[in-house]
Amino acid sequence: MSWRDLGDLADPSKYHDAIDIRGKDPAGLISHLRKMVLIRMAEQHLAVARKDGLIGGPVHLGVGQEAIAVGVSESLRNSDTVFGAHRSHSHLLALGSSLHGLFAEILGKDTGLSRGLGGSMHLWDGPRGFYGSVPIMAGTVPLAVGAGLAAKLKGTDNLSVSYFGDGAVEEGAVHESLNLARMLEAPVLFVVENNFFASHMEISLRQPLNAMTRFAAAHDVPCELVDGNDVVAVHDAAARLIAQVRSGAGPRFLEAVTFRWYGHVDWREDVDVGVNRSVEHLASWRARDPVARLTAALTAAAVWSASQHADLIADTSRAIAEAWDQAMRDPWPHADTLLDAVYTQRAERS
Amino acid sequence: MSWRDLGDLADPSKYHDAIDIRGKDPAGLISHLRKMVLIRMAEQHLAVARKDGLIGGPVHLGVGQEAIAVGVSESLRNSDTVFGAHRSHSHLLALGSSLHGLFAEILGKDTGLSRGLGGSMHLWDGPRGFYGSVPIMAGTVPLAVGAGLAAKLKGTDNLSVSYFGDGAVEEGAVHESLNLARMLEAPVLFVVENNFFASHMEISLRQPLNAMTRFAAAHDVPCELVDGNDVVAVHDAAARLIAQVRSGAGPRFLEAVTFRWYGHVDWREDVDVGVNRSVEHLASWRARDPVARLTAALTAAAVWSASQHADLIADTSRAIAEAWDQAMRDPWPHADTLLDAVYTQRAERS
Amino acid sequence: MNPTQHYNYGTAILAAFEYLLATYPEVFVMGQGLWSPWYVGNSMTELDKKFGKHRVIDTPVSELAVTGAGVGAALAGMKPIIVHPRIDFMLYAMDAVVNQAAKWSHMFGGQAHPGVTIRAIINRGGEQGAQHSQALHAWFAHIPGLRVVMPATVSDARDLLVAAVLCGDPVMYIDDRWLYELEDDLDPITELTLATEGPRCLASGSDITIVGAGYSTKLAIEACQALGGQGVSAEVIDLRVLNPFEPKAIIASVQKTGRLLVVDGGTRNAGFAGEVIASVAERVVPSIMQKPPSRVTLPDAPAPTSRVLERVYYPTADDVVRESLTLMSR
Amino acid sequence: MNPTQHYNYGTAILAAFEYLLATYPEVFVMGQGLWSPWYVGNSMTELDKKFGKHRVIDTPVSELAVTGAGVGAALAGMKPIIVHPRIDFMLYAMDAVVNQAAKWSHMFGGQAHPGVTIRAIINRGGEQGAQHSQALHAWFAHIPGLRVVMPATVSDARDLLVAAVLCGDPVMYIDDRWLYELEDDLDPITELTLATEGPRCLASGSDITIVGAGYSTKLAIEACQALGGQGVSAEVIDLRVLNPFEPKAIIASVQKTGRLLVVDGGTRNAGFAGEVIASVAERVVPSIMQKPPSRVTLPDAPAPTSRVLERVYYPTADDVVRESLTLMSR
Ligand SMILES: Cc1ncc(C[n+]2csc(CCOP(=O)(O)OP(=O)(O)O)c2C)c(N)n1
Ligand SMILES: Cc1ncc(C[n+]2csc(CCOP(=O)(O)OP(=O)(O)O)c2C)c(N)n1
Ligand SMILES: [Mg+2]
Ligand SMILES: [Mg+2]
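Protein chains in written order, with the working numbering: chain C, 5 to 354; chain G, 5 to 354; chain R, 6 to 335; chain Z, 6 to 335.
The reader is advised that the hints may include incorrect statements.
Unchecked claim - Which stretches of chain R does chain Z cover? Using the computed rule of at least three CB atoms under 8 Å from a CB of chain Z, they are:
(1) 93-102
(2) 201-208
(3) 244-252
The set of hints was computed from the structure by calculation and includes no laboratory data. Yeah, the Cβ is synthetic: ideal placement off N, Cα and C, and Gly gets one too.
Working from the sequences, and respecting the hints, build out all of it.
See below:
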């Protein structure tokens with residue numbers, strides 16, 4: 005594939021079939037599936053809860069993009085440092101973070117991952133290596149470079165992961181960060197989830213070419229381009245790149261091509277936004293479903309059955325219901341957190 | 005030449021010979037020579053004056069880089085909008101701006117191009133299309149895009165020129181500007197003067213590859229790469245690109261490879277700054293002298309004689325001396341300019 | 006004779022855009038969300054359809070380059086309006102505003118003026134959190150060369166935008182999503198000269214001077230009405246123009262009331278409320294003050310998300326009333 | 006017993022760097038000019054040779070990414086010091102400082118703290134002009150979550166840098182090239198707790214309180230000496246820490262003197278001098294003020310280049326003396 009163009013990865017009528025799992029360990033694939041189903045159902049639950057007015061703040065849902073975080077996270081450790089953005093539920097959950105902690109945070113509860121000060125757009129789970137997601141686009145990209153530099157200065161083989169979107173690359177911060185990481189030989193994996201949209205703006209309205217690999221090439225950062233809706237392809241590419249990064253080879257770049265089923269924010273589908281988001285277009289992207297394509301492959305390989313799938317769905321919805329109900333019952337944060345969290349030591353005020 | 009690498013343009017032992025002027029009009033070439041000699045001698049005069057303490061502020065000299073502005077400006081009009089940076093004496097003078105106005109500004113006089121409020125790093129000559137130079141790196145690059153957009157919205161075939169350096173491309177502003185200009189199809193010629201240095205830092209300490217064309221390619225902006233010390237090569241490439249821009253084809257990018265003979269600022273040579281700036285290295289770059297190579301070509305073609313050259317030097321030093329002496333005698337700005345220039349209408353203060 | 010027309014704050018802004026685009030060919034608008042302005046409420050509806058996508062330009066997500074392009078287009082003779090749907094996004098664009106736009110006229114001896122208007126929206130609440138809630142007017146007011154306006158009324162929402170675009174200097178026009186439902190009947194547009202506009206008295210009183218800007222002025226007016234019911238006559242002054250800042254009207258009012266309360270939607274330390282208090286304190290005889298001046302501002306903390314914390318975080322009209330009564334107590 | 010050692014402001018900063026790099030393996034320094042620090046005077050000489058280019062890192066010209074990298078490295082457990090040879094260059098880096106570093110602890114409920122120190126140098130004069138002369142301390146002081154220190158003395162130049170790097174919060178350490186020649190003898194380093202440091206009285210007096218920060222404190226001290234010769238006893242208070250701001254010491258002083266003059270190297274409108282005046286005005290009984298408070302600041306204009314205009318532009322000790330005498334006159 006050319007570094008300028010996504011080729012038929014950009015054509016939603018392609019890549020609808022079961023993914024290729026030849027030679028892969030079924031157990032690993034099934035754990036991928038469990039994670040992807042959990043992420044999807046959790047976000048679908050959030051869509052409904054937001055629509056029903058149970059959630060006070062905006063939720064940016066990544067349904068359709070689950071394979072990317074799941075494929076990448078498989079090669080990560082708790083000692084790595086992962087940074088996300090506004091659409092990071094999957095990045096967090098793929099690391100095995102607590103569903104209840106996420107829900108409680110989104111509901112603004114004291115038991116939330118960010119103690120009610122962050123909501124859906126500001127997530128943190130340090131112990132699992134999730135170092136933070138924030139809504140300012142590209143805001144965490146330079147931070148990921150610094151966290152990678154820290155891992156290098158400490159003499160570890162840990163690395164940093166920076167998740168961002170095809171819109172974020174329009175911010176100068178991303179370009180400065182690619183060059184800086186390259187010159188510092190910082191252990192960073194840049195993961196761009198190219199879903200062709202930045203809020204209402206389709207990529208052709210924002211950039212002359214659709215491949216993000218252009219920027220990796222310009223900054224001499226080795227990269228791979230994959231079908232982001234093929235968890236095996238994502239996993240294999242990420243594993244290769246992460247191994248190189250851990251070996252001290254410097255930063256690497258992964259472009260994963262995908263599509264979000266919901267609109268930019270909340271539960272609507274935004275099929276009204278002009279370029280390339282018609283009902284039909286969305287339908288053909290839905291047919292490139294990362295969950296269905298993995299399930300089909302596992303079923304075809306006779307390592308996964310309809311009843312197993314039914315159980316998975318049932319178990320998952322039960323887990324979601326429990327986590328949600330607990331979060332709904334949880335206490336609100338105390339007013340003091342408002343000033344206590346500003347500095348490590350609360351400032352004296354006269 | 006590859007878009008990743010400058011090839012032997014980066015090798016200062018190459019391109020020392022007379023430039024190729026076959027088929028070029030001698031008159032035009034001689035006017036190039038006059039401009040280049042004026043710019044060089046003016047800046048050499050400034051170096052001495054700064055060393056002697058006659059100039060109060062920093063001067064960033066472009067001796068060795070004269071062919072670029074001279075080659076580009078030949079295809080420009082007063083109705084175009086040119087933006088520069090900290091090292092812009094040549095950009096200004098190549099447009100035919102007043103030597104006295106430049107000197108007076110550098111001396112902080114009321115008769116200066118910026119009325120004594122700008123000095124060497126803040127130059128302006130609107131009537132000749134020089135829309136401003138400022139020292140914040142890449143600061144004027146987005147402005148040039150906007151001025152180009154204005155020309156387009158007004159339905160003219162004017163264009164904007166944005167001069168910047170190989171260091172400025174490390175600022176995100178340049179990358180955002182390339183994409184924005186490309187998407188707006190703004191008539192802008194980006195001219196990067198690649199002299200391998202950003203203050204004390206040689207390019208290999210700042211970037212993984214030495215060709216700036218990487219970024220034009222990444223942003224799908226058509227570009228040319230030339231020997232910046234060959235005024236004919238610069239002129240021809242600029243003329244081609246400018247014609248395309250005027251025709252409404254959108255932005256274009258020109259990389260001109262060159263070297264500055266003086267150090268980053270003021271009169272010193274900075275042969276102490278570590279990578280690739282030894283006495284020998286500087287000497288071989290001096291041998292790629294844009295003025296000498298043009299002079300040699302003209303002489304070889306028997307359209308320029310030693311006595312003509314002697315006259316040119318004599319006339320130029322006389323012109324410089326006159327402009328300088330006048331500027332030295334000129335009045336200082338009145339204290340009122342300090343507050344009068346802040347707004348179009350001076351704000352009332354209680 | 007001029008028939009008045011009914012607007013709310015949002016449609017008044019829209020009316021200003023329509024007037025400017027229809028009247029001045031040099032005007033164009035560029036920023037995020039302009040081809041699907043969900044961010045900007047009803048304040049820019051259909052502009053691209055009415056005036057064309059070449060004059061109403063949605064952009065890549067590049068705040069710095071887009072803002073700088075506005076500056077450059079202005080230098081080339083246009084009257085651009087750059088739109089930032091959230092003022093928070095402008096942290097990326099500060100160089101274009103502060104190092105370029107604000108200083109341009111001065112750096113070149115007053116020979117070139119980038120008459121660009123930057124519309125930045127304060128868009129808080131709704132559990133959006135620290136990066137989507139800021140009000141940075143004090144920052145911009147600190148920058149010489151940059152005019153800063155904050156409309157608090159429906160008429161100013163329209164007329165100060167027109168004045169900003171026509172004044173020839175770079176202007177920060179800062180509006181507030183929490184004001185979009187304000188309603189009023191307006192006369193047809195008359196073009197104001199921004200350089201001569203300044204703070205204005207919106208309600209006259211004799212006991213206490215309450216100063217605000219933007220949404221804080223709305224709080225001040227609501228407090229003023231409540232205080233009236235308790236026998237306290239408050240004078241409300243709307244800042245309107247924060248830079249260059251002309252405190253005359255406020256000083257005159259405090260000389261009358263002897264009490265000053267400043268309400269500000271920004272954080273406290275080095276905020277604009279402090280500037281108002283200082284500008285008065287240094288110009289009135291201390292003994293005329295019945296009580297020390299006071300301010301109601303955000304606490305010095307970033308914005309939280311949880312609704313229960315948002316309730317504590319944002320000042321209300323009740324807070325203004327309570328503080329006013331403290332100043333009234335002997 | 007502790008032998009004192011002789012330093013100037015610049016070598017005191019260098020001593021702090023050397024102490025930190027030698028004592029704390031988590032400390033590293035990154036910024037422009039570190040491999041040839043002509044920008045930063047004698048304040049970082051040879052650091053790269055002593056501690057290695059891996060811990061003293063010169064960078065591409067990318068203020069935003071470099072600053073953000075400092076924030077990220079701090080989150081990953083390092084104690085980075087990011088160096089900006091001119092505070093003006095930081096206009097490109099504001100997002101990393103304001104949206105990320107300052108808010109990080111709060112956004113995540115106080116569970117993660119980016120303990121990054123950002124050293125920014127005020128580097129004015131010498132006909133460098135508007136983009137190479139700013140002092141933006143009022144901006145940073147307005148941002149909750151960001152500690153802001155401005156050393157005015159040789160000891161603070163050293164000790165506040167050490168305290169900043171060790172405090173665990175993001176800190177703006179703003180030093181001033183015009184102070185590098187100050188000299189003093191210092192005891193060996195003792196690590197201060199930044200959270201408990203604040204404004205300090207440098208000269209006690211009874212007639213007037215003069216407040217400054219950084220270079221303005223130097224002007225205040227020079228003025229204080231000159232005033233002494235004219236029978237005026239001035240008390241000088243050095244702000245030192247501008248955010249979080251603790252005005253107690255200033256209030257106590259003004260309660261004694263009844264006169265307040267604030268000297269500030271920033272522009273006037275919405276500057277820090279206004280905050281000092283407001284913080285005092287709202288906490289003292291107005292009648293104790295002998296005269297209205299006053300400020301000596303830059304005019305509200307960008308910096309010029311021409312030496313004759315620079316002379317008018319920058320406040321001097323004489324200006325402070327003159328304004329003090331005005332406040333002393335009846
Ligand atoms: C600096 C900044 N500018 C604008 C926005 C508004 N905004 C939020 S998300 C978004 C689009 C992001 O697109 P992309 O990076 O592709 O991520 P995706 O939403 O597709 O996951 C925009 C414009 C923002 N949050 N931050
Ligand atoms: C934003 C900003 N950062 C840093 C500087 C300091 N500085 C001035 S010129 C320069 C190097 C510029 O290099 P380049 O762009 O290649 O231009 P050249 O000096 O080679 O002509 C630097 C780092 C600056 N002026 N502005
Ligand atoms: Mg996207
Ligand atoms: Mg260079």
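Hints, verified against the model:
1. 93-102: holds (count 5)
2. 201-208: Three-residue rule not met by the stretch 201-208 of chain R, so violated; n is 0.
3. 244-252: holds (count 4)
Going down the numbered hints, you'll see the structure goes against just number 2.
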